[in-house]
Each structure stands twice: as C-alpha cells, then as structure tokens.
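Put chain A on the given structure of chain H with help from the hints.
The listed protein sequences derive, respectively, from chains H and A. Mapping the first sequence onto this note's numbering, position 94 (from 1) lands on 94, and the numbers just tick up by one. Mapping the second sequence onto this note's numbering, position 143 (from 1) lands on 143, and the numbers just tick up by one.
It is possible that part of the hints are untrue.
What follows is a set of in silico ranges between Cβ atoms, one per label pair, in the way DEER data are often shown [to be verified]:
1) A:169 / H:186: 50 to 56 Å
2) A:52 / H:57: 44 to 50 Å
3) A:192 / H:129: 18 to 24 Å
4) H:196 / A:227: 25 to 31 Å
5) A:36 / H:59: 43 to 49 Å
6) A:150 / H:200: 36 to 42 Å
7) A:205 / H:129: 30 to 36 Å
8) A:194 / H:51: 52 to 58 Å
9) H:196 / A:36: 33 to 39 Å
10) A:169 / H:132: 29 to 35 Å
11) A:227 / H:130: 23 to 29 Å
12) H:160 / A:169: 38 to 44 Å
Incomplete in silico selection of chain A near chain H, CB under 10 Å [to be verified]:
13) 22
14) 46
15) 51
16) 58
17) 64
18) 66
19) 92
20) 93
21) 98
22) 108
23) 145
24) 191
25) 194
26) 198
27) 227
28) 265
Since the hints were made in silico from the structure, they are not lab data. All C-beta atoms, glycine included, are put in the ideal place defined by N, C-alpha and C.
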Amino acid sequence: MVALPWGRGTERDATGDRSERARLTILALVVFVMLAAVASLGTGAAGVSLGDVLAKWITGEALSLRERVVLFDIRLPRLLTGMLVGASLAVSGAVMQGLFRNPLADPGIVGVGAGAGLGAVLAIVLGAFLPPAVLAFTGMHLVPLAAFFGGWATTLILYRVSTRAGRTSVATMLLAGIALGALSGALTGILVYIADDQQLRDLTFWGLGSLAGASWAKLAAAAPIMMLALLAAPMLARALNGLALGEGAAAHLGIAVQRMKNLAILTVAAATGAAVAVSGGIGFIGIVVPHLLRLVMGPDHRFLLPAAALLGAGLLLLADIISRLIIAPAELPIGIVTAVLGGPVFLWILLRRRGIVDM
Amino acid sequence: MLRLGLVLTCLATPLAAQERVVVVGGGLAEIVYALGQEHRLVGRDTTASFPPEVEALPDVGYMRALSPEGLLALDPDLILASEGSGPAETVQIMQAASVPFVQITEDPSLDAVLERVRTVAAQLDAEPEAAALIARLEAEFASLRAAAEAVTTPKRVMFVLSAQGGRINAAGRDTGASAMIELAGGVNAFADFAGYRLLSDEAITAAAPEVILMMDRGGDHAISDAEILAHPALGLTPAAETGAVIRMNGIYLLGFGPRTAEAGQDLHSALYAEPHKGG
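Isolated chain A, as found in the complex:
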C-alpha cells in the first residue's frame, strides 16, 4: 500500500496541477470558479469582477498593462490570460522567470466558450469538473439556439455602450454585444460597421431599432428612459415609442463565460417576452 502510494506520488508530482494561479480576464475568472478551482487563484486583473468573491484577490492591474514585478510578487506558477493580455515585455519576462503565461482565445462565440473551458480545465487538471460543465453548457447552448431559431421575425436591436453628452456610442458587427444579440435571436441594427462607433442622429433614425439594449451600471453611463425619450434621435426610434429598453449587467451580458447561455436566454425572453419567461 505504502509502496503504491509512493509510486503514485512520484507520478503525480510532474503532473501536479498548478497551485498558484493568476487569472487575467473576467470571462476566464468565471470559468475557474465554475470549475470549482478558485482555491488555486492568487491574483486577478481589473476586468475580473464576477463572482464577487474574486474581487477579494489582489488586483494586478488592467490586462493590457500588467506589471512584471507585480505578477512575480504573487509568486505564480501559472498565468491564465485572455488573448491580447500584455504588454509583450511582461510576457517575455514571465518566460525568463519560467512562469507559464497561457494566452486563451477571446472570441465572442459559444464555441469559444467551450474551448476556453477546455483549455482552463487542461491547465488546472480539472477535466472531470470540465466534462460536467461542458455537458451543462452544451445543453444550455442547444436550447438557446433552438429558441433563437424559433424566432420568425427577428427584432432590430441597438446596443448603446454610452450616451455621454447626448452622443450615442453603439455596437457594430464583430463585437461581443452584436454576437449576443444574434444568439438571443435578434438582429444588430448597426451591422454596417465593425466595432463601437459614435453615431450621428441621422444614422440612428435611419437604422430604426425596435429595441434598445444597454448595460445597467452606475455613474454617468446610466441613461434613464426619460433621457432616451428626450434624445433627438433615440426618441424617434420605434424602440422609444414602444418603450422597448432592456438593461442588463455588463459582464453578465458580454463576459462570454459560463453564464453566457443564461444571459442569452434572459435577453431572448426580454426581446420576445412570451415564449420564455426566464431570469
């Protein structure tokens, strides 16, 4: 028995999962928690804020401006980072210090969510937990896809990122917001440009969105219904006439982590009220 135990230990040592992990990227942090591996975390970046417990971990700064010494101060044996984390100098120094710096795809798609779960699980040696999580996510994704396909007349949705000084910043194609709108069975009203853009009043009127989608967050980003109605362009849209304004938590809606299907269902229900009354 004892001998067997020793052999197992010897085998396990080189394969042992990393026990001091820094996670860089909000979606990745959610996955680590969903896999039940949060006890391994020793740090996170500014974009990681869900679940709320993650905020108790030391913050290593914004994901694209990581300080090499700050990372090493946490004595990590693994850094799980969203694609585009950096700067490159910091990544090089991590290599010099032989700390693995694993960059993981950031695509806003359901397939990428599964890929992220698999990569994180492989790095943390948590395949059994991952199998269960992936099975659950695939089921959720299937029902979300079914719900979206059942939509006969998709609504034209406009995602408003901010409205500072009455200037509307909205999501075009190739954005997380656009992907979520499509997953929920809607159509992005502004698919003719990529990324986020400040819109002219005329462009908003021409696009005639039926639903306005926003993040509910504090400060000067929060826009009240009264402000939307009073806005020269937004106030004239079909969305404003029917009062179709949806507010959702930003990381929940755009995180593309384990809660993505749930967020998609919530958005779907909010868009098409009757068939799904979830969230």
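Okay, chain H solo, but in the shape it has when bound:
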C-alpha cells in the first residue's frame, strides 16, 4: 500500500489501510449507478414512465409504437452510451493522472481531445468534398469516425515523439502534447475560418457534447472499443501504484514500466477516442471524478479504477437527465451541464485540500 500526498489527512485506521472503506464506496457506487440507470430510463420529455411500461408488461398489454421507440430507440441506447462514455472518461482521467503523476492530467493530455476535435472539424467542414463512394459508406457516421481517427493519429504521433530507444519520457509527452494541441488548434482555426454559418453552428454544438445522437449503430461501433479499454484498465492498477514512487522505484519493484506505459496510453487513446467520437466534447468528468474518489477512498488504483468507472457512469447519466429535462422539449448540450456542475466541485476540492496540487 503506497501512501500518496493525495490521501494526506483523510481518515484512516492506525495502519493506514483504507481498503475496507474503498470496498464500501464501490458498493455504494454500484447502487448509485443502478439508481441512475433506472432514473435515466424512466425520465424524459416524452413522459413515458417505467411504471406504465411495467404495468403494461405485467398485464400483457402491448406497448404503443411511441412508447417502444422512446424506450428502445432513444433511451436505452442513450443510457448505455452514457454509462460507457462516463466510465471511459473517468477511468482515462485516473490512469493519466497516475501515469503522469500529475493531478492536472486528463485524457486531453495524450492529444486525444485536440486530435479528435480536429478530426471532427475536418469532417464537418470538408466532408462534402470526399468522394461520393466514401460518403455513402460512412453516411452520418463520418464525424464520429473522423474524430476517432483524429484522436488516434495524434496519440500515435505524440508517442513516437516522446519515445526514444524504447523508453517513453512522460515529461516529453506532456510538453509535446501542448505543442501538438496548439498545432491542431491552429488547423482547426483555419477550418473554422473557411466554414459557413451552418457548419459553424454544427461545430459549436459538437464541441459542447451531447448524447442525443446515441443510436444502436453508433453503440455497436464504439462500445466494443470502450469495453475492451475498461476491461484492460484494472491490469494497470498495481503498476500505477508502483509508479507513484517514481519510475526507478517501480522498476525495482519488478514492474515492467515501459510495457505498462504502452498499455496505459493505448487504453486511454482507445477509451477516450471512442467516447469523444460518440458524444463530442464532454469535459470535467475525467478530472473531477478521480479527485473526488481519492478524497474518499485514497489513491490505491486497485479500487480507484473501478470506482472511477462507476462514478463516471453514474454522474454522466445524471448530467444527461438534467440536459434533457431542463429546457424540454429542447435539450441543453451535456458538456455545458458537466462543466457547470464540475467546475464548482473542482474548486471546492481545491479549497478543501490545497495539498493535491503540491504532489
């Protein structure tokens, strides 16, 4: 059990072991996600409630077409997308913070955010110039596809830049990420300049994120990638704990540091790339969720990673419920909701515990 500055001052027993507390937290989070899922399935502008649906199911009455569409074509894919995206963003954040030993790290740092954004902008502005055969093949999934490949390409470049003689320098990656972010920002700027009004509105809405476009087709494409990444993440837990002592110490503990870095970067690029592709830019989940959890249950990644997946999923579902109810029948982009809720929470964490920035 390694003690990190993150955990300084949190209640613990005499031995400093907080695993009991962590297990309880995870149990509570499972209940929380289940409740959020039921709420997400049962609420929405259309007023189709789970009670009515259950009553009909028990009495054997058929659901109306509208009820079926609302439940199975709108809310269910949206629920699953929300859970996977929330979990992917939160776990990616936790992994990045552990890997970089930097509390500010989030999935954006490996360039996925900027690269995916550039991909999406390219598709929105220049998509119409693609050969008709390509357009017919991608259909309306052109933007998510472009976002996914944009994220991947940037991560790959960053990884190449910061890897020398088989050793990846985390600091170089951080700095190169800033440079690459500025570069994709500039390219995005050029595209924004040549975009027409309608494309500009599309860009703005994409950047604010939304789960409203969730569909079974998108889910079928993105879910396997996110699930694989989420399943791979727990394999990193022990290595991330070791890495908290420094790369040298981790190597002496018998951790294959370079292999673990490769796996971590791959996991984050896959999870975030797919998440951003289906939902656009949703901020703050990746940074707030892990910090919130470290306050409660300490920094042990064996518990932190699953807990982050659960809390991320639950919080995104809640944010989505707010986004679809607050100005119904219209919908507020979910990125606005997560930022409005996440910003103050993050400030509160900082005020409560200035120590986390000293790490």
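Frame of chain H; chain A shown alone:
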C-alpha cells in the same frame, strides 16, 4: 343525409390533415400562419420567432440539434422542417416512430418561397388558402421585379452581419442577404466570395459600397452610425460619406417567407428613396 355524411367521414379520415404539427424553420412557421393553419401547431424550433405568437409554442431547440425525445414529447403527427434540419439520427428515429418528417427547400429565392407555400399547403391540406396566398405573392413579386428592373444604375450594397471588435463580417454571394439586395435592385458589393466572411479593411475600401445594410437587433451586434463613421475602413466608404445606412429586422429581411416581397419593396424604397415610398 346521414348516410352521405358517413361516406364523407370515411373518405375524409385517411385524407384528414395533420392536427399536431411541429414546424422547424422560421420561414416555414410564417407560411403556416399566412395560411391560417396555426391552430395545428404544437411546437416550433428556436429560429421561428415571427409572428410573435409563435414564441408561445414549446421550443424544440435549434433546427440542426433537435432532440428525438423532445419532438416525440409533443406527440406530433407531422414535422415540417427546413432542409438541413436534423441531426440525421433524430430524423431516423422519427421514421421509426412513423412520424412524417418533411424536409422543405431552403433556397433564398422567390420561386422557392412559392414552392414552400405549396408544399406546406399540401401537407396541411390547405390548398384553397394557398391559392389565395400564392396569387397575392405572385402579384407582389411581379411588382418587386418590375421595380428592380426599372433601376438604371444599381447601387453597390454591403450587408454587414456583425462588427465585433471592429472586425467586419459581410455577406458574399450565395447568401440570403445577397439575394435580397438583388431582388431590391441593388448589387452586392462583395460578390467575389461565397457565404459570410470577415473582411480586411483594404477589401472594404476597395469594394467601395454606396449603401451599408444591417440587421437592427439588440446587444453587441447593433452598430451605431457613429461607430461606422469612426471605423477605419467603413468610415471611408461612399456609404459612410452620404450616411446611407439601412437597418432592417433580420427575419423580415432574410426569412424568405410570405413577407419577402414586402421586405424587398422596403429595401428598394430605402435604396432608391423616390419611386417607392412603402413600409
């Protein structure tokens, strides 16, 4: 009599016009009102704001970011939407829920105005009202065209969309603003690019517009005459020297709905003052 009535009902049922209509697009909403069919509306999108009564209807959001559940919540039996409404996922879900999602051309031209009226009327089963409206519009269009053709020396008009931070965003060709300028008998001073662009000061000076056209709306988009005169490039244009600055309501000017001819006449009168003193 009773039997005849029954037969009529049977015939009418499958043909019955839709009674719960959501309209997406400001110009289309105006047409629904001009046809006197507003009692059928149950929702509208953010871009629909004229006539003012339309704003009392539930707002389903921006036309390109419609929420599928929000639309279904209004229990519509017809959605009349401007071309480009979406996203595509929402349109697909409407199909799955067997709610007709009719997309209607958005072209900024007089012919397209008539086509829109015809399509909306056909969907709402309001052909008699449409015939009257189309007759009126055709007469108005004819007199607008005549007025525009009578112009011997067309004025060079610049449409300024915004001037934030002194940076001028103006309309090029293939824009609604450009089409309106031509309908009113003017020439767009910036026909060498398509869409809206931020202009350099030199480009403005080179184009030398004789008239500046703007939307009158509140907030930071409103530009005063003093600001135009003080602007390094706008202040040197012939338009600024003669004080030829025209402000018109945005949806009135660019909506390409039933009021388009009226707006065109107003703009024409403002451009060439004497021959037409309308609006």
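Quick rundown of the hints versus the structure:
1. For residue 169 of chain A and residue 186 of chain H, the Cβ-Cβ distance of about 21 Å falls outside the hinted range of 50 to 56 Å, so the restraint is violated.
2. Take residue 52 of chain A and residue 57 of chain H: their Cβ atoms lie about 46 Å apart, and the range 44 to 50 Å holds.
3. Residue 192 of chain A and residue 129 of chain H have their C-beta atoms about 21 Å apart, which keeps the hinted 18 to 24 Å range intact.
4. A hinted range of 25 to 31 Å holds for the C-beta pair residue 196 of chain H and residue 227 of chain A, which are about 26 Å apart.
5. Checked against the hint of 43 to 49 Å, the C-beta distance between residue 36 of chain A and residue 59 of chain H comes to roughly 44 Å, which is consistent with it.
6. Take residue 150 of chain A and residue 200 of chain H: their Cβ atoms lie about 38 Å apart, and the range 36 to 42 Å holds.
7. Residue 205 of chain A and residue 129 of chain H have their C-beta atoms about 33 Å apart, which keeps the hinted 30 to 36 Å range intact.
8. Between residue 194 of chain A and residue 51 of chain H the C-beta distance comes to about 54 Å, which sits within the given range of 52 to 58 Å.
9. About 35 Å separates the C-beta atoms of residue 196 of chain H and residue 36 of chain A, a value consistent with the hinted range of 33 to 39 Å.
10. Against the hinted window of 29 to 35 Å, the Cβ-Cβ separation of residue 169 of chain A and residue 132 of chain H comes to about 32 Å, which satisfies the hint.
11. The hint said 23 to 29 Å for the Cβ distance between residue 227 of chain A and residue 130 of chain H, and at roughly 42 Å that hint is violated.
12. Separation of residue 160 of chain H from residue 169 of chain A is about 40 Å and conforms to the stated range, judged on CB atoms against 38 to 44 Å.
13. At about 9 Å, the closest approach between the beta carbon of residue 22 of chain A and any beta carbon in chain H falls short of 10 Å, and the interface hint on this residue holds.
14. About 7 Å separates the beta-carbon of residue 46 of chain A from the nearest beta-carbon of chain H, less than 10 Å, and the hint is met.
15. Among the interface hints, the one on residue 51 of chain A is violated; its C-beta lies about 21 Å from the nearest C-beta in chain H, farther than the 10 Å criterion.
16. The beta carbon of residue 58 of chain A is positioned within 10 Å of a beta carbon in chain H (closest approach about 5 Å), and the interface hint is therefore held.
17. With a cut of 10 Å, the hint placing residue 64 of chain A at the interface with chain H holds, because the nearest CB-to-CB distance is about 6 Å.
18. Interface restraint check for residue 66 of chain A: the shortest CB-CB distance to chain H comes to about 8 Å, inside 10 Å, so the restraint holds.
19. Residue-level restraint check for residue 92 of chain A holds (minimum Cβ-Cβ distance to chain H is 7 Å; threshold 10 Å).
20. Here the hint on residue 93 of chain A is kept, as its CB sits about 5 Å from the closest CB of chain H, short of 10 Å.
21. For residue 98 of chain A, the suggested interface contact is upheld, since its CB lies about 6 Å from the closest CB of chain H, less than 10 Å.
22. Residue-level restraint check for residue 108 of chain A is violated (minimum Cβ-Cβ distance to chain H is 13 Å; threshold 10 Å).
23. Nearest Cβ of chain H to the Cβ of residue 145 of chain A: about 28 Å, over the 10 Å cut. The hint is violated.
24. For residue 191 of chain A, the interface hint is violated, since its Cβ never comes within 10 Å of a Cβ in chain H; the closest pair sits about 16 Å apart.
25. This hint holds: residue 194 of chain A has a C-beta 8 Å from the nearest C-beta of chain H, less than the 10 Å allowed.
26. Taken as an interface hint, residue 198 of chain A checks out: its beta carbon lies about 8 Å from the nearest beta carbon of chain H, inside 10 Å.
27. The closest approach between the C-beta of residue 227 of chain A and any C-beta of chain H is roughly 23 Å, which is over the 10 Å cut-off, so the hint fails.
28. Because the closest C-beta pair between residue 265 of chain A and chain H is about 26 Å apart, greater than 10 Å, the hint is violated.
Going down the numbered hints, you'll see the structure goes against 1, 11, 15, 22, 23, 24, 27 and 28, while the others check out.
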